[in-house]
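K.L.:
Spelled out, the chains give:
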Amino acid sequence: MTRPTVVLGVLGVDAHVVGNKIMAHALEGAGFKVVNIGTFSSQEDFIRAAIESAAEAILVGSLCGHGEMECRNFRENCIEAGLGNIHLVVGGNLVIGRQQWEEVEKSFLEMGFNRVYPPGVSPKKVIDDLQKDLKNRGAQGAGSKK
Amino acid sequence: MSSALLIDFGSTYTKIVAVDLDREEITGYAQSCTTVQTDIMIGLRHALALLPSSLRNVPYACKLSSSSAAGGLGMVTIGLIPELSAEAARRSALGAGAKVIKVFSFKLADKELREIEGINPDIVLLAGGIDGGNTEVILANAQKLAQSRLTCPVVVAGNKAVADEVCGILQAGGKVPLATENVMPDVNVLNVDPARTMIRKVFIERIIAAKGLKKAEEFVEGILMPTPTAVLKAGQILAAGTASEKGMGDLVVVDIGGATTDVHSVGWGSPVQAGVVRKGLPEPYAKRTVEGDLGIRYNAESILKLCGAEAIRQNASLPHPDLGKKLECLSRDVGFVPDNPEDQDLDFALASCAVQAAMERHAGSIETLWGPQGQYFIQHGKDLTPVEQVIGTGGIFIHHPRADGILRKALYDPGQPFSLRPRSPNLYTDAHYCLFAVGLLAERYPDIAFRIARKYLKKWND
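Those protein sequence lines, which keep their order, are chains A and B. Counting the first sequence from 1 gives a position; this note's numbering is that position plus 7. Counting the second sequence from 1 gives a position; this note's numbering is that position plus 9.
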């Protein structure tokens with residue numbers, strides 16, 4: 008079986024590179040092929056990389072608190088680019104101020120993300136979920152076309 | 010005495026440079042019109058007859074040539090995403106000295122396929138998908154090409170996982186596929202050299218004959234490369250040096266012609282200022298760009314359209330009241346050589362505009378972004394600000410009395426602080442038209458080629 012490919016990066020005007028490096032390392036260790044587009048990446052950068060690499064998932068990091076604005080229309084743009092229902096994951100400091108996590112999660116799920124993670128989530132949790140989710144998608148015949 | 014003869018079958022002129030290999034001197038230069046319509050040898054014989062008699066009938070240690078005759082090496086490149094594999098393919102073809110007529114991306118539409126057939130390129134470069142990535146698009150495009158009327162070779166440089174399958178599809182359609190490594194094996198990883206090598210091989214083995222230039226090989230040992238490759242090669246050897254000669258370091262070569270302006274940069278162009286983040290597809294170490302709309306004869310009018318009359322006048326010292334008419338004449342009378350101060354001044358202004366625009370497109374730039382934590386600087390392309398040598402080549406740099414003034418327009422401009430052009434380099438001109446010859450000679454005698462270039466480049470500042 009070939010290694011599943013995922014695109015990883017930090018969205019928007021955001022220089023936070025440490026979590027990105029840790030996540031890339033953990034994903035590689037877990038057997039994923041990681042296309043890491045790094046910091047200061049636009050939605051277009053994620054989508055273009057996902058098309059060229061035929062990725063099965065896009066993992067978006069957003070650490071600067073502008074997540075709600077930066078992530079708007081991400082799913083719609085994927086659909087427009089032909090990536091359809093590619094698995095979308097987002098995590099980091101998605102919002103600023105004190106907001107109920109449940110509300111934050113709900114708003115990102117409504118935007119079309121499949122998984123939403125709060126600050127401080129362990130890479131292991133993200134990877135376990137990802138493996139499970141991709142397996143389920145594979146069983147349903149979903150995911151992007153190879 | 011051991012000598013070498015270096016020949017360029019140019020689009021307009023066939024040029025010859027004779028070199029004394031022992032004394033490391035240029036002993037002769039001659040040019041005559043290229044005669045590709047009738048017999049390439051006629052023009053070559055004319056040019057040879059113009060050499061001093063002492064150089065005509067001596068045995069030469071080597072006779073090497075480059076060519077941009079019969080339209081040069083016309084290519085079409087195809088990739089998947091315009092900013093990724095399609096761009097990687099384009100850069101690879103440009104570095105191989107090709108004239109990239111058009112770049113296509115995503116799945117080819119029928120209309121686009123007809124367009125490619127109409128272009129009838131010398132080579133198609135087919136890329137798409139990183140290794141192990143997307144296979145759907147390159148396979149679909151191979152199917153399309155297989156069904157086309159094209160007869161040219163197709164260099165296949167995409168996702169390695171389906172390289173064999175792509176070649177099989179093309180072969181089944183009666184095409185000539187030539188597989189090489191992926192131009193973009195991973196997202197934002199550039200691998201242009203294997204495709205460049207393959208393009209050059211195809212050029213030598215097939216294109217020369219297809220263009221009716223094979224006859225020249227009765228006289229020369231071989232047409233080794235397209236002319237722009239010879240110039241880029243000269244730039245590379247000057248920058249990096251040889252086993253026994255220390256190179257000059259990162260450099261830029263600006264080549265102004267009648268129809269196009271080429272810029273070559275040799276160096277990685279990494280950020281030099283702290284806190285600058287580089288984004289986008291990496292740049293090739295030896296990078297060539299061609300501006301098909303910037304040339305001081307055929308494209309004199311397109312310079313006017315692009316840069317505007319004001320920019321031309323700003324670069325001129327005289328008023329030029331009938332500018333539009335003048336430029337129209339120039340674009341028709343492409344062999345025009347100025348013989349009075351006014352026409353020379355106009356050439357100066359046109360060349361200045363061409364250099365400015367070509368360098369602005371070639372050099373990288375800085376984008377300023379504001380985030381919650383303050384200001385960030387993102388670098389796209391190469392930072393050429395620390396480049397120490399800038400070399401001008403092409404007729405205008407030989408003949409124009411203010412050649413250095415034209416070359417200075419390639420430099421950093423405080424009015425455009427985010428365009429990363431060289432700040433304070435040494436300025437040279439190729440006063441003896443030797444760069445192509447150096448690039449060819451470097452194939453056999455790299456040390457001598459390097460020293461001849463150093464000796465014959467004219468330095469303008471201290």
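Treat each hint with caution, since some may be false.
A short, non-exhaustive set of chain A residues, derived as facing chain B with CB atoms under 10 Å [claimed, not checked]: (1) T12; (2) I29; (3) A33; (4) A37; (5) K40; (6) Q50; (7) E51; (8) I58; (9) H73; (10) G104; (11) Q106; (12) D135; (13) Q138.
Examples of chain A residues lying across from chain B (beta carbon under 10 Å, computed) [claimed, not checked]: (14) A22; (15) G38; (16) V42; (17) F47; (18) S48; (19) R55; (20) S60; (21) A61; (22) V102; (23) I103; (24) W108; (25) E112; (26) S114; (27) L116.
Read the hints as simulated data drawn from the structure, not as lab findings. Glycine is no exception: its CB is placed at the ideal position from the N, C-alpha and C atoms.
K.L.:
Compare the structure with each hint and give your call.
P.N.:
Status of the hints after comparison with the structure:
no.: 1; hint: T12; in the structure: holds, 7 Å
no.: 2; hint: I29; in the structure: violated, 19 Å
no.: 3; hint: A33; in the structure: violated, 19 Å
no.: 4; hint: A37; in the structure: violated, 17 Å
no.: 5; hint: K40; in the structure: holds, 7 Å
no.: 6; hint: Q50; in the structure: violated, 13 Å
no.: 7; hint: E51; in the structure: holds, 8 Å
no.: 8; hint: I58; in the structure: holds, 6 Å
no.: 9; hint: H73; in the structure: holds, 7 Å
no.: 10; hint: G104; in the structure: violated, 13 Å
no.: 11; hint: Q106; in the structure: violated, 16 Å
no.: 12; hint: D135; in the structure: violated, 24 Å
no.: 13; hint: Q138; in the structure: violated, 19 Å
no.: 14; hint: A22; in the structure: holds, 6 Å
no.: 15; hint: G38; in the structure: violated, 14 Å
no.: 16; hint: V42; in the structure: holds, 5 Å
no.: 17; hint: F47; in the structure: holds, 6 Å
no.: 18; hint: S48; in the structure: holds, 8 Å
no.: 19; hint: R55; in the structure: holds, 5 Å
no.: 20; hint: S60; in the structure: holds, 4 Å
no.: 21; hint: A61; in the structure: holds, 4 Å
no.: 22; hint: V102; in the structure: violated, 12 Å
no.: 23; hint: I103; in the structure: holds, 8 Å
no.: 24; hint: W108; in the structure: violated, 21 Å
no.: 25; hint: E112; in the structure: violated, 22 Å
no.: 26; hint: S114; in the structure: violated, 19 Å
no.: 27; hint: L116; in the structure: violated, 24 Å
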